[in-house]
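**Student:** Here is how the chains run, residue by residue.
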Amino acid sequence: MAIVKFTLNHQPVTVQSDLNRRLLDVIRNDFNLKGLKEGCGEGECGACAVLINHEIVNSCLFVLANVEGKEVITIEEFAKTKRFTVIKEAFAKMGAVQCGFCTPGMVIATESLLHKNPHPTEMEIKVALSGNLCRCTGYNMIVEAIQEAAKAGEGLW
Amino acid sequence: MVKHIIPDTLSEALKYLYQGDFQVFAGGTDLMVQNRSWSETSIEFTKNMLYCFNLQELKGITAIDGRIEIGAMTPLETIMNHPDVPSLLSEAIGEMASPAIRHIATLAGNIGNASPAGDSLPVLILYDAWVELRNMAGFRMILLKDLIIGPRKTVMHPEEMIVKIVIPKHRFDFERFVKVGGRKADAISKVSFAGAVDIEDGKIADLRLTFGAVGKTVVRNETVEGAWIGMTISELKNGIWRLIDMYDPLILPIDDQRSNKHYRKTVAINLLRDFVDQL
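Chains as they are written, first to last, in my numbering: chain A, 1 to 157; chain D, 158 to 436.
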């Protein structure tokens, strides 16, 4: 057991736990934040994505030992921002959500991209989404939604 | 019970490595999958773990005296976007995993994991990259080509760790990296290929060819490469069947869950032929 301190959704938190746990389980079980999902559990699907220091990572591959001192943002906190509202409306408008299991991860991937690159090309969007699987939409609608969000949210990123 | 240690300095980390049986943990994206257990349970590491996240000495990229030095704890995405990093390496990293993994994973981890399908390896070996290993007593430099001797096997001693990767600066006249996988992202290679050529006064001055995932280690043969130095590109093109014959006995892939040896061999030879065609 060890003590790990980090910032979760802008709040300083302390976890007393084994260091060899996945950040995914810590967030879902210790903090009861269930927006991120476990899909594949091996870094291939992106359903467990969170922002760490404002970059997308797979929380299933992120060991708790590595979280000390870092800033973690989950979909629950991001959902309070104006940028999220723009992304949400763009996803709705373009039909980029069907079952919704992948959507929290897709939204985190979108924010990670637009934060660094507010005017991405179609190829840059595809690269940014390359670690997120969606079995419903066929991806085209998600790419279009991100193009729409970048346009509608001009100046927010 | 295995121990979990997060040292704050490199010298502290090396002291732990000297004392006992520790597994160095860089980004951990391979180790987390290799040792994972049931959903919602802790990762079942079988060795004492040495987490290197706080070792500031191992982070960052510097360009000095005709070489690039990449700290062992630098994430792949940072390396990929750095202006001094050779373009072929950036290209290969761009084909590895996904942004969500590249923000965590490291080049040192790709080397230490020593998979025959490690995607950075054919490019690093093509560039004649060196690896700096450290232990409590000091350091040694070893060519990456000599470091990895088989699947998951290196010549590193248990008390040593990778601290940096050193790449000689070189701009080739023509270079290429191709990865063949099940899909464009998050795929482990079935076959990979890297090639580079320098031409001086119409003649081949340097030729380097590497093949990944078609043998126990990356295939590179300097004798075969050297046989074409001083020839023209059209002599190389006309000699393509001789070149293929030279590589035929060196490319010895296996069947596994991702592909089979027949496919791998055919594709590796086709990639070589296509590289020469494009010159």
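Worth double-checking, as some hints may not be accurate.
[Stated by the list, open to error] Heads up, simulated DSS-like pairs for lysine-lysine below, C-alpha to C-alpha not over 30 angstroms straight-line:
#, chain 1, residue 1, chain 2, residue 2
1, A, Lys-37, D, Lys-341
2, A, Lys-126, D, Lys-341
3, A, Lys-70, D, Lys-172
4, D, Lys-216, A, Lys-116
5, D, Lys-172, A, Lys-126
Don't read these hints as lab results, they were simulated from the structure.
**Student:** Name the hints, by number, that the structure is in violation of.
**Tutor:** 5
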